[in-house]
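S.K.: The listed protein sequences derive, respectively, from chains F and G. Counting along the first sequence from 1, when you hit position 133 you're at 644 in the working numbering, and nothing is skipped either side. Counting along the second sequence from 1, when you hit position 24 you're at 300 in the working numbering, and nothing is skipped either side.
I should point out that these hints are in silico values taken from the structure, not numbers from a laboratory. From a predicted model like this one, the values you see are computed outputs, not experimental measurements. For each residue, glycine too, the CB sits at the ideal point set by N, CA and C. Among the clues, some could well be false.
[What the hints assert, rightly or not] Reference listing, derived: stretches of chain F covered by chain G, where coverage requires no fewer than 3 residues with Cβ under 8 Å from a Cβ of chain G:
1) 741-748
2) 754-763
[To be verified] Calculated Cβ distances over 12 Å to all of chain G for the following chain F residues:
3) Asp599
4) Gly604
5) Pro606
6) Gly618
7) Ile694
[What the hints assert, rightly or not] Just the calculated beta-carbon pair ranges, DEER-fashion:
8) G:Trp306 / F:Thr701: 20 to 26 Å
9) G:Ala432 / F:Ser731: 36 to 42 Å
10) F:Asp666 / G:Trp302: 53 to 59 Å
11) F:Asn715 / G:Trp306: 51 to 57 Å
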Amino acid sequence: MTNRTTQASRAVLAATVLALASLLAAACGGSTPVETGTSDSTEQSVPAETDHGGDHDTDHGGEDNDDKDDKDDKEDDGDHEHGVSMVDVPANGAPEIDIAVTEAEAGFVVDVQLANFTLTEPDVAEEYVAGEGHMHVYVDGVKIGRYYETSIALDPLPAGEHTIEVEINASDHSAIAVDGVPIRASQTVTVAEGNGVEATTADNVVNVTYEGGEVVVENSTVEVDAGSVVEVRVTSDAVEHVHVHGYDLFGDLTPGNELVLSFTADIPGVFEVELEDSGKHLFDLQVR
Amino acid sequence: MSAAHYPQVIFGHGVGSRSSLPLELWMFTWGAALALGLSFVALGVLWNEPKLAAAAKGKPVAAPPLPMALRMVRGVGQAAALALFLVALWAGLFGVDDQSANILPVTLYVVVWVGVTLLAGTLGDVWRAVNPLATIARGASWLAQKAGVCPSTAPAHLGHWPAAAGLFVFLFYELAHPSGSQPRTLGYMLLVHTLVVIVLGVRWGADWIADFEPFSAIFDMISAMAPFGSDGRLRAPTSGLATMPVLPGTLVALMVVLGGTSFDGFAESSMGRSLFGNQSGWTGAIVLGIGLILSILLVGSLYGVGIRWTCSVTGRSPEEVTDAFTPSLVPIVFGYAIAHYALLLIDEVQTFWFRLSDPGGQGWNLFGGADGSADLTLVDPTVIAWIQVLAILFGHIGAVVVAHDRSMEIADHKDAQRSQYVMLIVMVGYSCLGLWLLFNS
Numbered sequence: 512m513t514n515r516t517t518q519a520s521r522a523v524l525a526a527t528v529l530a531l532a533s534l535l536a537a538a539c540g541g542s543t544p545v546e547t548g549t550s551d552s553t554e555q556s557v558p559a560e561t562d563h564g565g566d567h568d569t570d571h572g573g574e575d576n577d578d579k580d581d582k583d584d585k586e587d588d589g590d591h592e593h594g595v596s597m598v599d600v601p602a603n604g605a606p607e608i609d610i611a612v613t614e615a616e617a618g619f620v621v622d623v624q625l626a627n628f629t630l631t632e633p634d635v636a637e638e639y640v641a642g643e644g645h646m647h648v649y650v651d652g653v654k655i656g657r658y659y660e661t662s663i664a665l666d667p668l669p670a671g672e673h674t675i676e677v678e679i680n681a682s683d684h685s686a687i688a689v690d691g692v693p694i695r696a697s698q699t700v701t702v703a704e705g706n707g708v709e710a711t712t713a714d715n716v717v718n719v720t721y722e723g724g725e726v727v728v729e730n731s732t733v734e735v736d737a738g739s740v741v742e743v744r745v746t747s748d749a750v751e752h753v754h755v756h757g758y759d760l761f762g763d764l765t766p767g768n769e770l771v772l773s774f775t776a777d778i779p780g781v782f783e784v785e786l787e788d789s790g791k792h793l794f795d796l797q798v799r
Numbered sequence: 277m278s279a280a281h282y283p284q285v286i287f288g289h290g291v292g293s294r295s296s297l298p299l300e301l302w303m304f305t306w307g308a309a310l311a312l313g314l315s316f317v318a319l320g321v322l323w324n325e326p327k328l329a330a331a332a333k334g335k336p337v338a339a340p341p342l343p344m345a346l347r348m349v350r351g352v353g354q355a356a357a358l359a360l361f362l363v364a365l366w367a368g369l370f371g372v373d374d375q376s377a378n379i380l381p382v383t384l385y386v387v388v389w390v391g392v393t394l395l396a397g398t399l400g401d402v403w404r405a406v407n408p409l410a411t412i413a414r415g416a417s418w419l420a421q422k423a424g425v426c427p428s429t430a431p432a433h434l435g436h437w438p439a440a441a442g443l444f445v446f447l448f449y450e451l452a453h454p455s456g457s458q459p460r461t462l463g464y465m466l467l468v469h470t471l472v473v474i475v476l477g478v479r480w481g482a483d484w485i486a487d488f489e490p491f492s493a494i495f496d497m498i499s500a501m502a503p504f505g506s507d508g509r510l511r512a513p514t515s516g517l518a519t520m521p522v523l524p525g526t527l528v529a530l531m532v533v534l535g536g537t538s539f540d541g542f543a544e545s546s547m548g549r550s551l552f553g554n555q556s557g558w559t560g561a562i563v564l565g566i567g568l569i570l571s572i573l574l575v576g577s578l579y580g581v582g583i584r585w586t587c588s589v590t591g592r593s594p595e596e597v598t599d600a601f602t603p604s605l606v607p608i609v610f611g612y613a614i615a616h617y618a619l620l621l622i623d624e625v626q627t628f629w630f631r632l633s634d635p636g637g638q639g640w641n642l643f644g645g646a647d648g649s650a651d652l653t654l655v656d657p658t659v660i661a662w663i664q665v666l667a668i669l670f671g672h673i674g675a676v677v678v679a680h681d682r683s684m685e686i687a688d689h690k691d692a693q694r695s696q697y698v699m700l701i702v703m704v705g706y707s708c709l710g711l712w713l714l715f716n717s
């Protein structure tokens, strides 16, 4: 060993500074895309609500059994501030909506009557065009999705009274209103005891959406207690396969269908939940 | 639904179905506090002159039949290791290209890389005893001599540099390569490695393996800390490090492994994921590769600072200081490996056992275990957490003891005390980093 060590230690000192600097730089740079992803998703949805996963043009209905979300939404409902923004249109010639909800074999069907309003294709540009747009459906004040057809299928609901509300929205997702009152129609349905679906018994519900190659999930690490029941709900705009490592649970994703993986988290550890084909990481399940 | 239809891609190290739970805060803080506290206790109570070198010779284990029995077992071990090596290589080249059904990834990344590390640090140099690559090199050399080729001597000045380079390539495959956990990729890597061993075996015989071949070199270094020396002599744990030869590149090889383990721990954390996990394919591999290099430079530069400071305190040259202190890194490397891979080892050794029944994933069932899967509830997570903290702490204590002993050798008493402060800070830095990575995993 000659002066190699001296040179090496000098190089290594220089490298420390470099390494620390780049790690810091990467740390700052690395966090940006994550934030962007989150804000993107809320922009499409409603900023005030933390409704995760329901914001899709899929026909899943559903009970979001997160009590907090539920409450928030009901509060929002009261003062009619669902939209990112509201567009006031003159009363004369304003869009009109009326709905008829009927119980179907698997859930409900909402028949929508529209006047002065044209439904667009789902993939239309997100900009305001007068008299055009889509509908947002709320069940008990919780937004469950965007719809582009006048016949809307909803999943079964638990026993009891439920309010189904359909609001019309422009393509930029702003609510359309007359004199500050959004144009919407609602109907109350009653599900008899014994006919309703059981509210989910899961202790933990994780909602994930995969759209345009981007994974949107509330937390990158989901911490659950060992022995608790976990429900992973995934919607996707692409054909994919979900894999919960360790538990070796697999599920197929198809556009427009919600995948529900329900299991008891009885193996401790940190498990990766990912999409098998693209290798996209959805979240880490931490069972303690 | 069968797992075989889905190629498993795990972020970070190539195999395994889960990672260990992050350490609880109290374990992390107590571990770090103990590392610091024990270091200063060690300063006060440890001996004032080098003692380990004398202890390293060890005592022969009383009964003479034991070494003889060991030599017999050795022959069996060599045959078994060679057979397993060939089966794994064959499975990689011709088996199903699915890492969850093929025996090669789990053999290479868990049984050899982690399992042999554990054996080397506790039982001594079992790898040297059964090394299938050495067997192959000896065979090649023997055949070449039969054919009239004259072997030459391997260039000694390269020291551990070839091993360091090889270890880096191996870690790149494990931690960064886009298909580094795919049996075929690994099969070709192993085939090239074997061909190199054969060609060099023809040229140089088999003696170069211990220094040049990456696995052999690192296991050889780690085995120096084991309480069993060569020929089964019993010695104080870590005392063997006092007489461990430090060659050119030894420090770098250890740093590559330490940096690699740290990087694996970091890349699994949520911070690491957001830094390195956004890219896939070769872009991702390059990002991960750069992260791996930075990690090695980071742990290396911490040591570099320690060495420089020690030089200025003792007035010794950097070469002397490096030679003296390099062996003290071995327990830290060992502790890191055990702490980070304890759970992986427990899970995947079971998987390995089941894969033995069907090494290529072609529907065989040689030993009736082909359909088995690892029992993930075998060890309580609390036990794993304790293993992790204790591995880091024992590694730390081992390193402090060896560094103390070495400092007595290169400096007179007063300087030795001062030079130790520096190395102590470096060691505490490594141990806290190790615990922090476990806390953030």
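S.K.: For each hint, tell me whether it holds in the structure or not.
M.R.: Against the structure, the hints:
1. 741-748: violated (count 0)
2. 754-763: Three-residue rule met by the segment 754-763 of chain F, so holds; n is 5.
3. Asp599: Given that every Cβ of chain G is farther than 12 Å from that of F:Asp599, nearest at about 42 Å, it holds.
4. Gly604: About 49 Å separates F:Gly604 from the closest Cβ of chain G, which puts it past 12 Å; holds.
5. Pro606: Correct as stated: the minimum Cβ-Cβ distance to chain G is 42 Å, above 12 Å.
6. Gly618: About 27 Å separates F:Gly618 from the closest Cβ of chain G, which puts it past 12 Å; holds.
7. Ile694: Since the minimum Cβ distance to chain G is about 41 Å, F:Ile694 lies beyond 12 Å and the statement holds.
8. G:Trp306 / F:Thr701: 20 to 26 Å: 58 Å, violated
9. G:Ala432 / F:Ser731: 36 to 42 Å: 50 Å, violated
10. F:Asp666 / G:Trp302: 53 to 59 Å: Given about 45 Å between the Cβ atoms, the range is violated.
11. F:Asn715 / G:Trp306: 51 to 57 Å: Check failed, 30 Å falls outside 51 to 57 Å.
Hints 1, 8, 9, 10, 11 from the list above are not met by this structure, while the remaining hints are.
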